[in-house]
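There are 2 protein chains.
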Amino acid sequence: MRHVKYGRCVKCGKTYEAVPDLTTCTCGGTLDIVYDYDYIQSIFTKDTLKNRQNFTMWRYRELLPVEETTPDPPLRVGWSPLYKADRLAEQLGISKLYVKDDGLNPTASLKDRASAMAVAKAREAGAKVIACSSTGNAASSLAGNAAAAGFQTYIFVPSRAPKGKVAQLMTFGATVISVQGSYEETFELSKAAIDRWGWYNRNAAINPYLSEGKKTVALEIMEQLGWEVPDYIAISVGDGCTIAGLWKGLKDLYAIGFIDRLPRLISAQAAGCCPLNRAIAENKPWHPMEENTLADSIAVGVPRNADKALMAIRESHGLVVNVTDEEIMAAQKLLGRTCGVFGEPAGVTGAAGLKKLCEEGKIEKDATVVSVVTGNGLKDVANAIAFCGEPISIPGRMDDLLSAFHQRQIHLD
Amino acid sequence: MRHVKYGRCVKCGKTYEAVPDLTTCTCGGTLDIVYDYDYIQSIFTKDTLKNRQNFTMWRYRELLPVEETTPDPPLRVGWSPLYKADRLAEQLGISKLYVKDDGLNPTASLKDRASAMAVAKAREAGAKVIACSSTGNAASSLAGNAAAAGFQTYIFVPSRAPKGKVAQLMTFGATVISVQGSYEETFELSKAAIDRWGWYNRNAAINPYLSEGKKTVALEIMEQLGWEVPDYIAISVGDGCTIAGLWKGLKDLYAIGFIDRLPRLISAQAAGCCPLNRAIAENKPWHPMEENTLADSIAVGVPRNADKALMAIRESHGLVVNVTDEEIMAAQKLLGRTCGVFGEPAGVTGAAGLKKLCEEGKIEKDATVVSVVTGNGLKDVANAIAFCGEPISIPGRMDDLLSAFHQRQIHLD
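Residue numbers (the numbering used here), protein chains in the order written: chain A, 51 to 463; chain B, 51 to 463.
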């Protein structure tokens, strides 16, 4: 890979050759993939992109750590829509708002970006089996992307994973181990199993290539905005890998001169599980927390990519905001009603955080903001129904309809 | 609309001016939108498309019945991926197979194509409210597309509609009436309510514009195949609107010379509810059937677009095939494992039908086939789980994992 220099430990700075099965530093730190930006600038311009017909995450190959000969994995990952959300912007009292619906990826979450990368790198590594632990979305996205590419998967999920994600896993033919315990325990068991059987490791905090896949969400946002940098990008944060990837993508674009400034990140966590935001707010090292939130994908008490995530929030002069489950579910409804976007609870936590910051007057009224929806609401239907209420249920006669409308004070005549 | 001539009744041939709120003929027949193909040929070529950056269903505006000034509705509908499914083709014993995953539309079904059209036409009609009855997908897609565009919706669903679809409806802010009865009773109540309150009618068999939206799936398939016509296109059939739309799109392309022959359609219905296929097989008029299938989206005992659908199957020298619920769920698993595509039961019924025809030797081994997946499996998780089984559930210790693998005869060491 002519454009990739090496993997460098974010803790101790030690560098490693960028082999396909790279994991963590001997010091335990996570690695960051370092690029040769001078070389990239010499081969990659905005015009290159203008003429490119590949509307997937792989349109940014010059900024992705794969060999030229590695084929694009089969599923169509990335290039999710960025909607201008004027009615929501008005409700929040800000000037310009965009919603990036990453729930429209093939397995319905942003995690497809990392899993597609895992598939590409597993192929380079000559692996036959890929494994991971996950609160659910990384799992189902790995299962789907791997199935399409012909890999076998072993996947570890905590037993609380919602049914939608489990149904995906089983349909994609993964061997699924549901661990009766926390995400932390699930992660540790997956690690032991991966060590024991030598499977290709798709744990996002271990495998440094995965946040390189995730960063494509930032590359797309910027290209879709015509390289006009927004003031803020709001996103939900659990393990820390996604916000770290988002930041990496923005820094890449800045480094090669595609954008001339960097936005501030808004890190939104659930109030019941916010170890990273707490560390920022108190300016202290992070400490584990319990996993008390219905936003299952970000219920991560021991964030595995804390270093990179904290660095991203700090470097961007980011804002942190914690939201209750009620605020999350209200945001789900709000996005549905104003944008026609149905996000899962963790998927809309960024929007919930943005709403809260707007209400607290912490976002300038003339700001341009992007809110990333990281997963589809169909993944967790039970919570949506619990919050949104049930339909009007009647027999099929006009009289029943009229009296049901009357009871609910729906006046139409 | 310079390129649209009129609406013409498929039963009696009477023509109607193509006003935005066009419904059915006075004789009760459904209308078909008739284009001025000569004019279209003069302004629309394959090269026009090559240079077009709009990758949504609206890239085919010259073939769509909307005014030039009508804006594209906000959600990104269409241009779903067409995957080459080599491993599945091999398993089915055919030469070339493509899977069109229409479950990746914004509200996760092909119905978004019709709902986006409804939104465009409702805007032309100056309407504020759109209403429909639906087994679920038309409903949730209308709710989402209308919410994004700022319309209010009244939506009638049979009480059996799966939870995923209901959750979407409620989140998108629709007023939902769940009718304790069949789809037929649901449809009749919606019709009475629409007549009474003058809402814009998004019932696909009533509003002739909707199959014009659906036809874009055919336009895309052909463009994605580089205008090389496949031998067969397999699709699930309920109300009949989707297969009618598919056929209309193919005929449009043939009429303007973009393709030089027409494929044969494969109409797949559930064995427990196959009034249209039965009519074809017995060469008799269709008769109502009970709605005995778990494939809820195609459980339509009284198909509302029977005329157009039967015409499409006959004109294309199509094949009909009925599949059991077990065959449908086996196809769901097969598509998941070989393609990484998770379709809802009705969504994979086309694939189930294709599999059955292959097993019966009715498809030539050198045939090229497209199978359309019409909806996402996340819409109906309960059935997927019931069929695919549960994960291996264990406490978080390696010993438990080893004995679980041992019990299941998974040998790794």
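To be clear, the hints were calculated from the coordinates, so they are not data collected in a lab.
Treat the hints with caution; some may be incorrect.
The list treats identical chains as interchangeable, and a pair is accepted whether it falls inside one copy or across any two copies.
Using 25 Å as the maximum straight-line C-alpha spacing, the simulated PhoX-like pairs for lysine-lysine come out as follows [unchecked claim]: (1) K178 / K241; (2) K301 / K213; (3) K96 / K301; (4) K334 / K406.
Hints, verified against the model:
For a Cα distance limit of 25 Å, the shortest separation of K178 from K241 inside one copy, 18 Å, qualifies, whereas the shortest one across copies, 55 Å, does not. Taking the shortest Cα distances, K301 and K213 never come within 25 Å of each other, neither inside one copy (37 Å) nor across copies (42 Å). Only within a single protomer do K96 and K301 lie at most 25 Å apart by alpha-carbon distance; the minimum there is 16 Å, versus 40 Å between protomers. In this assembly of identical chains, the alpha carbons of K334 and K406 lie at most 25 Å apart only when taken from the same copy (24 Å versus 63 Å across copies).
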